[in-house]
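These are the residues of each chain, in order.
2 protein chains.
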Amino acid sequence: MQAINLADKLSTFDEVYVPKVVAELNGQLVKIAKFHGTFPWHSHADEDEMFLVLEGRFDLEFRDRTVTVSKGEFCVVPRGVEHRPVAAEVASVMLFEPATVRNTGDVVNERTIEAEGLERL
Amino acid sequence: MQAINLADKLSTFDEVYVPKVVAELNGQLVKIAKFHGTFPWHSHADEDEMFLVLEGRFDLEFRDRTVTVSKGEFCVVPRGVEHRPVAAEVASVMLFEPATVRNTGDVVNERTIEAEGLERL
Chain F
354 MQAINLADKL STFDEVYVPK VVAELNGQLV KIAKFHGTFP WHSHADEDEM FLVLEGRFDL
414 EFRDRTVTVS KGEFCVVPRG VEHRPVAAEV ASVMLFEPAT VRNTGDVVNE RTIEAEGLER
474 L
Chain D
354 MQAINLADKL STFDEVYVPK VVAELNGQLV KIAKFHGTFP WHSHADEDEM FLVLEGRFDL
414 EFRDRTVTVS KGEFCVVPRG VEHRPVAAEV ASVMLFEPAT VRNTGDVVNE RTIEAEGLER
474 L
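These protein sequence lines are chains F and D, in that order.
Be aware that the first sequence starts at 354, since it is given in our numbering, and climbs by one per residue.
Be aware that the second sequence starts at 354, since it is given in our numbering, and climbs by one per residue.
No wet-lab data here; the hints were simulated from the structure.
Wrong hints could be hidden among the right ones.
Which copy is meant is left open, so a pair is good if it fits within one copy or across any two.
The list that follows gives simulated cross-link-like pairs (lysine to any residue, SDA-like), each with its CA atoms no further than 25 Å apart [as the list claims (entries may be wrong)]:
no. : residue 1 : residue 2
1   : 362       : 460
2   : 424       : 459
3   : 362       : 431
4   : 362       : 419
5   : 424       : 414
6   : 373       : 431
7   : 424       : 460
8   : 362       : 418
9   : 424       : 462
10  : 424       : 407
11  : 424       : 467
12  : 373       : 416
13  : 373       : 418
14  : 362       : 396
15  : 373       : 448
16  : 424       : 469
17  : 362       : 398
18  : 373       : 417
19  : 362       : 394
20  : 424       : 470
One chain only, chain F, in its complex shape:
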């Protein structure tokens, strides 16, 4: 058991939309990622997904609305709901989701990272 410093972990990479695992518990993964630009539309059939903003802000776009999530705020995307993050500037985000989640959900494209391919920091 140790204290994990999120800023320290974030300082170790610059890639955007490449989530890194910082903890695993109860079959769930805690990941951190940097967001910048527009991520593809997708949904996760069986997994809810939580986005907690650590630095900056981003827009979580749904088909019928946009939710701006800023530092110190979070948003939960229920399973099955199409969404895409759009970040005008770099945002640092913590994600909570089951260990089974593929980042692009029902879509496979150049952004896809399968769960088994995730880097552990």
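Position chain D against the provided structure of chain F, taking the given hints into account.
Structure of chain D alone, referenced to chain F:
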């Protein structure tokens, strides 16, 4: 779907060691709590528990060591490991754990709040 502001939620209560639910996803609860003073020793037989510090700091005491967790840091306590939080000053903490968790784990005392008794903010 909406953005939940953690500071706003924290400003709605002052009680210590009374976790409040701010989100539920994938059978897990996201809770916030204020810590101050010494919580009883306990463990959770079947649940890992994550503590993320939002404001301040606290000591997470284990039988063989103490881990100080400060703002922007988190610590995961694996299932079965005895622990107790000790906060010299008020600390604001986010907890991530299964919906089944009793806050005092294997112990029932005046601090105990059963899962079904949790307040939703």
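Against the structure, the hints:
In the homo-oligomer, the alpha carbons of residue 362 and residue 460 never lie at most 25 Å apart, since the shortest distance is 28 Å inside one protomer and 35 Å across protomers. Taking the closest pair of Cα atoms, residue 424 and residue 459 never come within 25 Å of each other, the shortest separation being 28 Å inside a single copy and 36 Å across copies. In the homo-oligomer, the alpha carbons of residue 362 and residue 431 lie at most 25 Å apart only across protomers (21 Å), although the nearest pairing inside one protomer, at 27 Å, exceeds that limit. In this homomeric assembly, residue 362 and residue 419 come within 25 Å of each other (Cα to Cα) only across copies, at 22 Å, whereas the closest approach inside a single copy is 29 Å.
Taking identical chains as interchangeable, the C-alpha atoms of residue 424 and residue 414 lie at most 25 Å apart only when both belong to the same chain, with a minimum of 17 Å there against 29 Å between chains. Taking the shortest alpha-carbon separations for residue 373 and residue 431, both the intra-copy value of 22 Å and the inter-copy value of 20 Å come in at or below 25 Å. In this homomeric assembly, residue 424 and residue 460 never come within 25 Å of each other (Cα to Cα): the closest approach is 28 Å inside a single copy and 36 Å across copies. Proximity of residue 362 and residue 418 under a CA criterion of 25 Å is satisfied inter-copy only: 23 Å between copies versus 32 Å inside one chain copy.
For a Cα distance limit of 25 Å, the shortest separation of residue 424 from residue 462 qualifies neither inside one copy, at 29 Å, nor across copies, at 37 Å. Proximity of residue 424 to residue 407 under the C-alpha cut-off of 25 Å is found in both arrangements, the shortest distances being 5 Å within a copy and 11 Å between copies. In this assembly of identical chains, the alpha carbons of residue 424 and residue 467 never lie at most 25 Å apart, being 27 Å within a copy and 31 Å across copies at closest. Taking CA atoms no more than 25 Å apart as the test, residue 373 paired with residue 416 passes in neither setting, with 27 Å inside one copy and 31 Å between copies.
For a Cα distance limit of 25 Å, the shortest separation of residue 373 from residue 418 qualifies neither inside one copy, at 28 Å, nor across copies, at 28 Å. Taking identical chains as interchangeable, the C-alpha atoms of residue 362 and residue 396 are never at most 25 Å apart, the minima being 27 Å within one chain and 28 Å between chains. For the identical chains of this complex, residue 373 and residue 448 are neighbours both inside a copy (10 Å) and across copies (20 Å), given an alpha-carbon limit of 25 Å. Neither within a single protomer nor between protomers do residue 424 and residue 469 lie at most 25 Å apart by alpha-carbon distance, with minima of 29 Å and 30 Å respectively.
Neither within a single protomer nor between protomers do residue 362 and residue 398 lie at most 25 Å apart by alpha-carbon distance, with minima of 30 Å and 30 Å respectively. Taking the closest pair of Cα atoms, residue 373 and residue 417 never come within 25 Å of each other, the shortest separation being 30 Å inside a single copy and 30 Å across copies. For the identical chains of this complex, residue 362 and residue 394 are neighbours neither inside a copy (27 Å) nor across copies (30 Å), given an alpha-carbon limit of 25 Å. In this homomeric assembly, residue 424 and residue 470 never come within 25 Å of each other (Cα to Cα): the closest approach is 28 Å inside a single copy and 30 Å across copies.
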